Amino acid sequence: SAVNRLTRPTRPDKARRLGYKAKQGMVVYRVRVRRGGRKRPVHKGQTMGKPVNEGVKQLKWNRNLRSLAEERVARRCGNLRVLNSYWVNQDATFKWFEVILVDPSHKAIRRDARFNWICDPVHKHREAHGLTSAGKKARGFRVKGHGANKKRPSVRSSWKRRNKVSLRRYR
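All the letters of the sequence shown, read from the start, carry residue numbers 1 to 171 under this note's numbering.
For the record, the hints were derived by calculation from the structure and aren't laboratory data.
Just so you know, not all the hints are guaranteed correct.
[Unchecked claim] Calculated pairs, EDC-like style, for lysine to aspartate or glutamate (alpha carbon to alpha carbon, straight line, at most 20 Å):
| hint | residue 1 | residue 2 |
| --- | --- | --- |
| 1 | Lys107 | Asp91 |
| 2 | Lys23 | Asp13 |
| 3 | Lys21 | Asp103 |
| 4 | Lys136 | Glu71 |
| 5 | Lys124 | Glu54 |
| 6 | Lys124 | Asp103 |
| 7 | Lys23 | Asp103 |
| 8 | Lys23 | Asp112 |
| 9 | Lys124 | Asp112 |
| 10 | Lys136 | Asp112 |
| 11 | Lys60 | Glu71 |
| 12 | Lys137 | Glu71 |
| 13 | Lys95 | Asp120 |
| 14 | Lys44 | Glu54 |
| 15 | Lys21 | Asp91 |
Keep in mind the model is a prediction, meaning the values are calculated, not measured.
Work the whole structure out from these sequences, hints included.
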């Protein structure tokens, strides 16, 4: 299958740099993701709209394949939380990533001050909310300063801030 649990990370040095420890409550999964862009899923290529939105083939998904891999393994392991992930291998068709997951209900994690932050309910499905490293990269948070004016706190909220009409009471 495309999602497989491992007994130990393939790249232990990289995994440890990203927070992995060989302790109870920490698991590593390897995920296979198909490479390439995203074809628009429409029937017979008919998009039913204006010509500007007619594209089917040469479209690209807005996020990276690493965040897609994190989301797929998190969907399989609903009781675990995604800590981080890293690239392992690739060929012409696939990319392989390894995802570090943490069990928030395990006592070894809950009692460890370095990891028990992930047990809070606010960290449920961090990979789906773009809060992991790969998700933040896709949201443009690697950039700081005036090159990231429209990124923070998010693209949608900054758009909303710039587009809403503010009518003060006394004006």
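Worksheet entry | Structure-inconsistent hints, enumerated in ascending order | 1, 5, 10, 13 and 15
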